[in-house]
Amino acid sequence: MEPIKAELVVLGAGPGGYAAAFYAADLGKKVILVEKESRLGGVCLNHGCIPSKALLYATGLIGEARESAERGIAFSDPEIDVAKLRSWKDSVIHKLATGVGALADRRGVEVLTGRGHFEGSGVLRVETEGGQRFIEFENVIVALGSRPSIPKALDLGNRRVMTSNEALEVEMIPESLLVVGGGYIGMEMGTVYAALGSRVVLVEALDSILQGIDSDLVRPVLRYAKEHFDELRIRTEVRKLATKGKQIEVTTDGTDGKTTELYDRVLVSVGRRPNSDDLGLGNTKVELDERGFIRVDGQQRTADSNIFAIGDVTGGVLLAHKASKEARVAVEALVGESSIFEAVIPAVVFTHPEVAWCGLTETEALDRGIAVEVAKFPWAASGRAISVDKPDGLTKLVIEPETERILGMGIVGVGAGELISEGVALIEMGGTARDLAETVHPHPTLSETLMEAAEMFYGHATHATSRQKRKQ
Amino acid sequence: MDIRLPHLGEDSDSGTVGAIFVKQGDVVEVDQALIEIESDKAVASVPSTAAGTVTAVHVKEGDEIRAGTRIVSLEPASGQAASSVPGAAAPPPEEPLRQVTIPPRPGPPPKGPVARPTPIEGIPPAASPSIRRMARALGIDLARLAGTGHGGRIVLGDVREYIQQLQQAGTAAPEQEARPSKLAVDFSKWGPVEKTPASKVRRIIAERMSESWATVPHVFQFGDADITELMEHRRKYAPIYKERGARLTLTPMVLRAIALTLPAHPKLNSSLDEASAEIVAKKYFHVGIAVDTEAGLVVPVLRDVEQKSVFELAEEIENIAERARERKLSREDMQGGTFTLSNQGGIGGGHFTPIINKPEVAILGMGRGRKQPRLVEGALEDRVLLPLVLSHDHRVVDGADGVRFLVNLIATLEGLSEADIKPD
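Chains as they are written, first to last, in our numbering: chain C, 1 to 472; chain A, 1 to 424.
Hints are computed from structural coordinates only; laboratory data are not their basis. Note that beta-carbon positions come from the ideal geometry of N, C-alpha and C, so glycine has one too. Don't take each hint at face value.
[What the hints assert, rightly or not] Okay, the calculated bits of chain C under chain A, using three or more residues with CB under 8 Å as the criterion: (1) 127-140; (2) 213-220; (3) 328-342.
Isolated chain C (complex conformation):
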């Protein structure tokens, strides 16, 4: 068969890959999108952001209903139909994935289902169901993402030991679940299963859950987890997993010494690794770092000048919207624009309550010795937070003291993920605490906490008092 000629091949149809393919097509490029799964959308849509948020939403109602009794409206205990929950979640994925396919069609982006393999710097071999196809390309964007990493010692090949992929399938509700790793995936999935009624124990090797996030933002999540999880053990490592009948025998080593217990299911969420192996990068000039992430420059270009890489496979923070932004930078670079990646990337953890931050964090400022001032507004002083009975929250600003420019924002509380975008816009625009303090926010809303945090910086928030007055 004649090799196919293509201006641009995008490898991987996740939120980085399809964004790149669509944008390039919009700019007039002939694009082939290669995806090994029959369904578009990548990890985010199929095994990540979307199903986890669907499950967090659905199960969140259980706790809401229970708490409602204290406000005089009581519901009877919920009946949980796992099969129906699973099929509703699948319908969400199906709807979105079909949408992505239709968007590709409408733009004339050719979707090739198969696994891509570089034969050289200009040729890609794709293993499709109908046999091998060769593509001679001008440019390639590698957007193959990442997958859960599971240490050899914990990989029993037993379906009772799950990664996030399996946990999101909600095959059943285990009576007991051990979550290994207190990062955002472990915390989110632990929250889902705890709400469904599992006895959840979470172990974290380091001295805190949600490592890297400012400790004041983590504290409300910690309080929730302590209340709703059976146990939370920090500085605890899993030494050994073993199959014991229908259960998993787990040996942990923590502050109280060694413990051996039985669990129905174990979820291993200790990190993710890049999908940069098995695609023939050795036949190109592309370079990998020591952890296997593809090295790129500020325009997402690899050491092989015709090959770009975006998203999880390039490392950094593994977030869908970072991949989508990098897709734009890469496509603009290959049409000759001078774009570089310098965007503020917000992060959201969808725990109860949510944690969201963007820009410079207080922890990072401290580590890097950047002089900043921090202004905080506690949600216990927000009329909206109290009237929706969610007073456990905090909004904080990281401010450059000389210019009063806002360098970072952090929020913990219900809906933090929706609120953070105002912070992103402010930072991108080079906004100051004064700009935020003087911008009217509607009352009563949670967004007021942003404005009042800025007012706290000047020592005159309406709904809270500050012991520190800024010298004018």
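Fit chain A to the known structure of chain C by using the hints.
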């Protein structure tokens, strides 16, 4: 003494400990924040009511504490200790930075540098994404602009103004170079004169020296090196050098001393980038040698002097000086210098004040070594003293740095041994 949690307000007397700012052994001042406390109504820091050294911290993050709870124990400081805390005396750098919040100026934009916020690595200058995109497309580095918005934010008008400034500077430059007005004096009134056009070399020298003299604040450091022993070595080895086609003068010896001294004084081997206000420290040592030719002064450059022996330097000087006199030097031969040596001793003279070869920041001038009486351990002795003057750019090199270099240089020169001079 103990510092305890004070009353927080009318209706709240307890709170959760947020961040802890001090640890055991820290020296704190009055009013310095010790911890942060989160209550229903506020997040606030708790200031120290006394100065001293922290001997114990009694709370940890997340503790629920009430008014009266012990926070830290302090070993009180004497009156002086409190005020000598580092940082307390540092002058606040606010003034120049504050200028950026001044509203847009009426009238034409001011020329010259305007205060800009200190850039933080990894954080782009304060400007909206659309402005940053435009600047990238135009190849404009926004870090060089001063914004007029809140906090020095760069808006479209600032970029427009900056481009106008660049354009004005671009078109104004040739006009400034216009010829100076004709000499008003008629010298022939008082006797016969002869007029010849100044050579290209002469004109370049005039231009460079005027520019350096006008823009570089020169400091001159005077010194003398005792070269009595060196002169003895010279007498012994000059014939051997001559046999091998090189001349053993003081120049290669002083050059060797410079090569040994310069790496320990990186400021003297740097340049000032006036546009970006950056000090450019060079990690190589290329020394220019001022050579007197019929056409005028030229300064060829010897590369990587720190890797060369006195003999190798002597050979190279011989070679390059000859090429200079034969006018066979290329442009490359005269570029890349990091320091200059000017030896007038062959002609005579004592101390003199050389002009810095900009953008280098220092030059060493050598006069002629003379026999002079000098007190050595209480007795007058005949010694040969070499007059040396270091000129340095005070914008980069302070007097103390300059004289430190000169003192080290003289000690190094005086310490050169026979082994250093003897060819391999």
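Status of the hints after comparison with the structure:
1. 127-140: Check failed, 0 qualifying residues.
2. 213-220: holds (count 3)
3. 328-342: holds (count 5)
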